[in-house]
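Sequences listed follow chains A and B, in order. Numbering follows the numbering used here, in which position 41 of the first sequence is assigned residue number 41; successive positions increment by one, without gaps. To convert a position in the second sequence, counted from 1, into the numbering used here, add 1000.
Hint data in this document are derived by calculation from the structure and do not stem from the laboratory. Please read all numbers here as calculations on a predicted model, not as lab measurements. Treat the hints with caution; some may be incorrect.
Below are the EDC-like pairs computed for lysine to aspartate or glutamate, each with C-alpha atoms no more than 16 Å apart in a straight line [claimed, not checked]:
#1 B/Lys1021 <-> B/Glu1035
#2 B/Lys1047 <-> A/Glu68
#3 A/Lys47 <-> B/Glu1035
#4 A/Lys47 <-> B/Glu1006
2 protein chains.
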Amino acid sequence: MHGIIESLITELTRLPGIGRKSAQRLAFFILSMPESEAMSIAEAIRKVKQTARFCSQCFNITDSDLCEVCSDDSRDRHRIVVVEEPSNILVIERTKAFRCLYHVLLGALSPIDGITPEKLKINELVDRVKNNGVQEVVIATNPNTKGEITAQYIKEVLHPLGVKVTRIAYGLPMGSDIEFADEVTLSKALEGRREL
Amino acid sequence: MHGIIESLITELTRLPGIGRKSAQRLAFFILSMPESEAMSIAEAIRKVKQTARFCSQCFNITDSDLCEVCSDDSRDRHRIVVVEEPSNILVIERTKAFRCLYHVLLGALSPIDGITPEKLKINELVDRVKNNGVQEVVIATNPNTKGEITAQYIKEVLHPLGVKVTRIAYGLPMGSDIEFADEVTLSKALEGRREL
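Same shape as in the complex, but just chain A (with noise of 0.2 Å):
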């Protein structure tokens, strides 16, 4: 029964934290709204999937080939914050902190799951690291085990460079994942960055 509303249901309870009963309570809503919203909210879930793709410098998410941080002439180009996704960036600009750039890894190392540094953006670290007058790297990848590899392991390759290569404070509490952070513990985090 209800057939239109039955694939509405289904398919909003493909989303995390959606069960039946929250997928039924929104889809009565959406059929609710007035149509305008509604369309901008399957237009915007279109637009996602059809524009998005990752920065070519940092690999943060973009509908262009250089990111809105990358392309911000205002910034600190002598920083790089070095996050294991695109979602970091956007909790780590909401403290304004940092005017900075950014790094996105796209993961985390865990050789058990076959994620080598190959598999991560590493090498476009180095070379960015390299090429471009960086002067600190801030690592802000998770403060648990696969992070805290990636964070020793970033450090090492760069020691060569000469950079300077900081890690966020553990003001995080451990085995916590960033994405959940508050905005005040984060901050905190980012001001007591020690060297590695």
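Starting from the structure of chain A, add chain B where the hints point.
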């Protein structure tokens, strides 16, 4: 930054129960989904908005003139369950307690908010009862003040027609919403219905 992601996040926060952090999580999940899956979510939203209308008989949601329930010949056509909203039908269907027809009022009486009987599909219910050999009308409006007033009102307008009018039993806690009832409670409430 992340223009397209930001717009998707903003769009998603329009939905009920989706705050900024959940929206962010959903947006990055959508970004990582296979394109076809994300597109079919967008398509389901679009389709629901473009094709959904009310059943001309019972005011359920449908994409044709009669809804799937009304056009199902195997249904018991002597009994009509009256609900406030189309979404309530889905919940009642899931109990499998009845294989009957429905009538959606599209709201509940609330004189204080200007919701008078003419604003609801009550006349249409009376016409159905008059013309279609209905033997029982089960009133399944919400067990709260508005739902009770609505049930009493319907009982009165149907009285001259001599049809049996029953009210869903109070297995449901008072003041709650039928939308969030579990199936067992709702089944029991349907079984224990009593004549008004």
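Is the hinted pair lysine 1047 of chain B and glutamate 68 of chain A satisfied, with a Cα-Cα distance of at most 16 Å? Answer violated: lysine 1047 of chain B to glutamate 68 of chain A is near 33 Å, above 16 Å.
query: Between lysine 47 of chain A and glutamate 1035 of chain B, does the CA-CA distance stay at or below 16 Å?
result: Holds, because 11 Å separates the two Cα atoms, which is no more than 16 Å.
*Is lysine 1021 of chain B close enough to glutamate 1035 of chain B, meaning Cα to Cα at most 16 Å?*
Violated. Lysine 1021 of chain B to glutamate 1035 of chain B sits at ~23 Å, over the 16 Å cutoff.
Exercise for the section: Sort out whether glutamate 1006 of chain B lies within 16 Å of lysine 47 of chain A, counting only the CA atoms. Expected result: With a Cα-Cα distance of about 12 Å, the restraint between lysine 47 of chain A and glutamate 1006 of chain B holds, given a limit of 16 Å.
Violation of the numbered hints given earlier is confined to hints 1 and 2; the remaining hints are satisfied by the structure.
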